[in-house]
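Trainee: As a plain string of letters, each chain reads:
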Amino acid sequence: MKFSHLHGYLAVIIQLIFFGLFCIFVRYSPDADARHHPLPENATKVETKMAHHSSGDPWIHARTYPMFQDVHVMIFVGFGFLMTFLKKYGFSAVGLNFMISALCLQWAILIHGFFHLKYGTIFVDLNSLLGADFTAATVLITFGAVLGKTTPTQLILVTMIEIPLFTINEIIGRQYLGAVDMGDSMFVHTFGAYFGLALSLMLYRRDSSTEKEGSSYQSDIFAMIGTLFLWLYWPSFNAGAAVGDDQHRGIVNTYVSLIACCFTAFAISSIIHKDKKFDMVHIQNSTLAGGVAVGTAADLMIQPWGALLIGIIAGTLSVLGYVYLTPFLASRLRIHDTCGVNNLHGMPGILAGIIGCIVAAMASEANYGPSLYEIFPARAPPHGTAQLDQLRVLLPDLEGGSGISATAQAINQILALVITMGVSIVGGIVTGLILRLRPFATLKTDELYEDETYWLVEAEEDEHEAHKTISIPMNDAADNGTSK
Amino acid sequence: MKFSHLHGYLAVIIQLIFFGLFCIFVRYSPDADARHHPLPENATKVETKMAHHSSGDPWIHARTYPMFQDVHVMIFVGFGFLMTFLKKYGFSAVGLNFMISALCLQWAILIHGFFHLKYGTIFVDLNSLLGADFTAATVLITFGAVLGKTTPTQLILVTMIEIPLFTINEIIGRQYLGAVDMGDSMFVHTFGAYFGLALSLMLYRRDSSTEKEGSSYQSDIFAMIGTLFLWLYWPSFNAGAAVGDDQHRGIVNTYVSLIACCFTAFAISSIIHKDKKFDMVHIQNSTLAGGVAVGTAADLMIQPWGALLIGIIAGTLSVLGYVYLTPFLASRLRIHDTCGVNNLHGMPGILAGIIGCIVAAMASEANYGPSLYEIFPARAPPHGTAQLDQLRVLLPDLEGGSGISATAQAINQILALVITMGVSIVGGIVTGLILRLRPFATLKTDELYEDETYWLVEAEEDEHEAHKTISIPMNDAADNGTSK
Amino acid sequence: MKFSHLHGYLAVIIQLIFFGLFCIFVRYSPDADARHHPLPENATKVETKMAHHSSGDPWIHARTYPMFQDVHVMIFVGFGFLMTFLKKYGFSAVGLNFMISALCLQWAILIHGFFHLKYGTIFVDLNSLLGADFTAATVLITFGAVLGKTTPTQLILVTMIEIPLFTINEIIGRQYLGAVDMGDSMFVHTFGAYFGLALSLMLYRRDSSTEKEGSSYQSDIFAMIGTLFLWLYWPSFNAGAAVGDDQHRGIVNTYVSLIACCFTAFAISSIIHKDKKFDMVHIQNSTLAGGVAVGTAADLMIQPWGALLIGIIAGTLSVLGYVYLTPFLASRLRIHDTCGVNNLHGMPGILAGIIGCIVAAMASEANYGPSLYEIFPARAPPHGTAQLDQLRVLLPDLEGGSGISATAQAINQILALVITMGVSIVGGIVTGLILRLRPFATLKTDELYEDETYWLVEAEEDEHEAHKTISIPMNDAADNGTSK
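Residue numbers (UniProt numbering), protein chains in the order written: chain A, 1 to 484; chain B, 1 to 484; chain C, 1 to 484.
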């Protein structure tokens, strides 16, 4: 048995280690803990301390849950079916997406938890699960760049390496730089895309484009299931973690950006084709670029026309990327991008980061009112200043920040983008070097984009049978034909 | 290049015009505007005035959002996949549905906004997006009547013309006549269906029924994805715009009507067939008629048995329509209805209007209590009357109406239905005359119900290979072979 | 016409009887009744009494609705598409699932209502609809065991018989024994599975395994739509009926159990195969076993590590069941289980019941705080005791229970499981005996797993044509043909 088929045993070992870690570290957060509703007299010290972290509202999860489920559907149905466009790789697309996501969610809860330990414990509630789903998206984007060219073992390794790097990068960006990125366009989309492209570069092979890389009529329709659920629930992805009117604005901005992006992508896809025909590849992917491009500024005051403009630019950029850039990357830069994640997540993610920087530079009390300091926490006056106390009259819960200027915030936004690019590319290269190590046997050419390598595909065989048998009754000549 | 292939350029022009209009007119409503939470001292006059239109609740969108997403899924996944039943038109069904919907949503926000300008501005929030989705349904229903027989250019024109007419008709019905129609059965379903049938009449062609009009085993299953999501989320469509217990009742009524309609449709579909076999066409469409038929009265006191009865009638009516009426319309009245929208949206819509009239005629304080005047605003006592003040003790927010009687309300309901029929039919005819103009070249017979006309279909080509070989049996040897 | 094709007429009769029963018994509950918002002076005695059953909150449905819709999707899209894995039975899988569910929902509302009459009336609101959906799941699980081997007439009879038995069994378990089962793992999954297996035993036939029982490449991907929506929305199934932090915990536990189960199922599926290949049957089904296994304890204090462990065990157990037990049952015990419901619902359901018993035995104020008595109502102190009054200081709404011990509760949990097994098996056997009666003609061998028996399937014929011709190029004549 080939080493490349040891993924089953590897998975069992990982799962058991996770169980151990869960036993030691993971507990319910107060909001999900029966003992906190109400807190009994015999409550432990930690429980009493944790009570301060509790919302005190037993229904606190109810408001987030519908948006959480939308994001959940995006991860498993959205990404899963989007990748079924390959005609002979449907099982792997939706199946490995399922398997890897289940691994991501567990690993993300643990890694995120280790970086945010409270009293040596990882406290889990619905927000933890939502965060885990966002993290999974990063790995699935990376998966898209190497789709059909990696073994399950390799995908498991990618997941184990990428998630810690993702978490560290996000902490640098959000906590240390105070960068805002409501829709995770930088921390999830840009990171996942360039990690994947760097990985693909390292795994480059001359034979990476085979006949099997194409789609079939059926597989293209299956892929539309993924596209539509991603497109429809994207507002939940961009606004799910926002609060109050920020969330409302995040929904409106994402919706507006997406409808403009969708219509523009159709238009450009047709214009650019010699016979003015639509290309399913663009419809399946470029229609979504608007969701990525508006992500960083999703909750900011960009006004509907701003969101519309972002959608138009993203849709155009993405289609042009598929037509001109993807072939160039593959032929010249030896970067083969199966799903074209650079056009759907990469470039739109960079665009989102730049837009975030521009909008942050223009943000002031004039256009945000006092809530400016809730949206850009780093701009809030430092703790103990008179200015902060004054603001607290209007916003009681406002916490002290570092009182930085709009320009400083804008610079931090760009820094976060640059660092994200750096960490993801270096991470992807290092991961690629590991995956190239001897044991992780690579696939043969005819095993690329092919389910039969790792899946029981009776149907295929049946069909072969069918054809053979059906052909026989026709006439003797046919038998001769086959016997030749 | 044929004029009929200029849709790409047309789309770009429209998108840019929309961008201009968004820049000038569209802004966040107070509920979605950061400056309103809280409103700063330096607020402008308009902002201060708009504050009165603000709910003051930063989470106002949270209650509507889940139902909005259900409706959103109905528009793109529901309608999109329902139309994939054609074996060679799947890309166009789900793809053009996607493109046209994205156009509808933008155009609907603008047109609805122009008819409801505040201080010369279109204020957008989640309700605007929900309203836009309802409007899109109208155009997609029309799309269903001419599915496979129109070019993208023609569909764009239909959208641009139909939405303003739809909006005017709804304003006449709701504002001037005070007609109620919670599920939009008259304003969306009836309007969309008869607009489409009139359009189909004008575009009639002898060759409109080709071999390609059929379905395949796979395409029929794809279509069930559309059917099920429409069927499941229909309660959100009928009750999404309702408030409090009206919404609760709207959910119950729609659910009950749909389960009875579904079961009845299966029964009639089997009974009517000579071998008692189920017909997928009925299962995909007639099971939904109950949602349309209960729409106008969805929030009214029809009791569960009333909803059940409506479902039974609608399911029967719809199946009979497919079996007897659709062929008759095509052969005798030269109205070819690809999806049979007359059976799913047309007749059930008229039925809904009539039911709405009957129920309105029977509505009284006896069976509605004081909330009668919230549900039928036109029946509320006029402003300044003692009767109104008295009611306000119980219902503080009740606004003055025109104090009309149950009979008057019932008459207005029927008037709204008749006017809807009139506007939609005339609108469809005029639109049809425009689409018949020279430039908008019509499709050749073999281009009907065929993706390859406007889509890059690599897979198809593969099949062509197959087809080539398939053509072989034409030669004698094959015939001999088979004749053995 | 065969008696087995009379299902259409049977359905009409049932539908009309249901209409009659709805007219007599079913009315809106106060929460959905316009007259209760606000209650008018001329309210009837019953209405005034019912007002006490009213929440008084006109938006009471809003919190449950999103979870209700998730469950609704599980029933129709989840179960419906999960069963489309059979290559020639797709129409029946998704179609009959649709028909039978619509029947279940009506029958469930009536039967549950008859056992909970208030003032001789069945009061319906959103909770009734949610309960009906849970009940439908039971019948659909049973359907899975006999998939492809029953006629529509037989399925209708099964539904009519199973739902009353299901309701009685649940009342015994919940009301008389005070057993808790938040995710209905015992009352829905275990009951439905063993009812189905008993039924399958009675309907056993030697020819029950035919070539048509297999899947095709396309049908396996369609089935994944069902799997994913079941897997994603399962937290709504297990927690939809819970309140406050119990619901929050139910979401977390189910999510954690499912991600562990999914990853484990993939691992075991690969390990167990000689070539280490994944088997779609396991991916489609065993990944869901964690949702069943954690169901009974979903809202209990099992901690995330407990949920994770349950998922690991369930995933392993389920895959092993498919590989070793299902063939054994079919060959040795003459129990042919088409979908392997024993591995997805049966054994995991029993596991859930045992876990529920163990967790109940360990439940105390120490780990639940006072809310122990809300979660295990039977353990609450009896009415009128000082202990109860004392608890009411913290929990005003707490109702008096029977003050049983943890051990007693644990025993009742096991009793409920045993009784469920007994009722379902006996019920399945009796139903099987009825289905074997002469009139309900059984299917011929070639009618098994075959849509054409009860569906209009034009497409199939087309394909046959294709196959015939495809064989031709095998012989020389064909080559000549092409060279001509």
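It is worth saying that the hints were derived from the structure and are not from the lab.
Check the hints yourself; a few may be wrong.
It does not matter which identical chain is meant; a pair holds if it fits inside one copy or across any two.
To be verified - Here are the simulated PhoX-like pairs of lysine-lysine, each with C-alpha atoms no more than 20 Å apart in a straight line:
{"no.": "1", "residue 1": "Lys276", "residue 2": "Lys212"}
{"no.": "2", "residue 1": "Lys276", "residue 2": "Lys444"}
{"no.": "3", "residue 1": "Lys118", "residue 2": "Lys49"}
{"no.": "4", "residue 1": "Lys277", "residue 2": "Lys118"}
These figures come from a predicted structure and were not determined experimentally.
Trainee: Does each hint fit the structure? Answer for all of them.
Mentor: Taking the hints in turn, this is what the structure says about them:
Taking the shortest Cα distances, Lys276 and Lys212 never come within 20 Å of each other, neither inside one copy (26 Å) nor across copies (23 Å). Taking the shortest alpha-carbon separations for Lys276 and Lys444, only the inter-copy value of 17 Å comes in at or below 20 Å, while the best intra-copy value is 37 Å. Taking identical chains as interchangeable, the C-alpha atoms of Lys118 and Lys49 lie at most 20 Å apart only when both belong to the same chain, with a minimum of 10 Å there against 47 Å between chains. Neither within a single protomer nor between protomers do Lys277 and Lys118 lie at most 20 Å apart by alpha-carbon distance, with minima of 57 Å and 42 Å respectively.
The structure fails to meet hints 1 and 4 from the earlier list, while all remaining hints are met.
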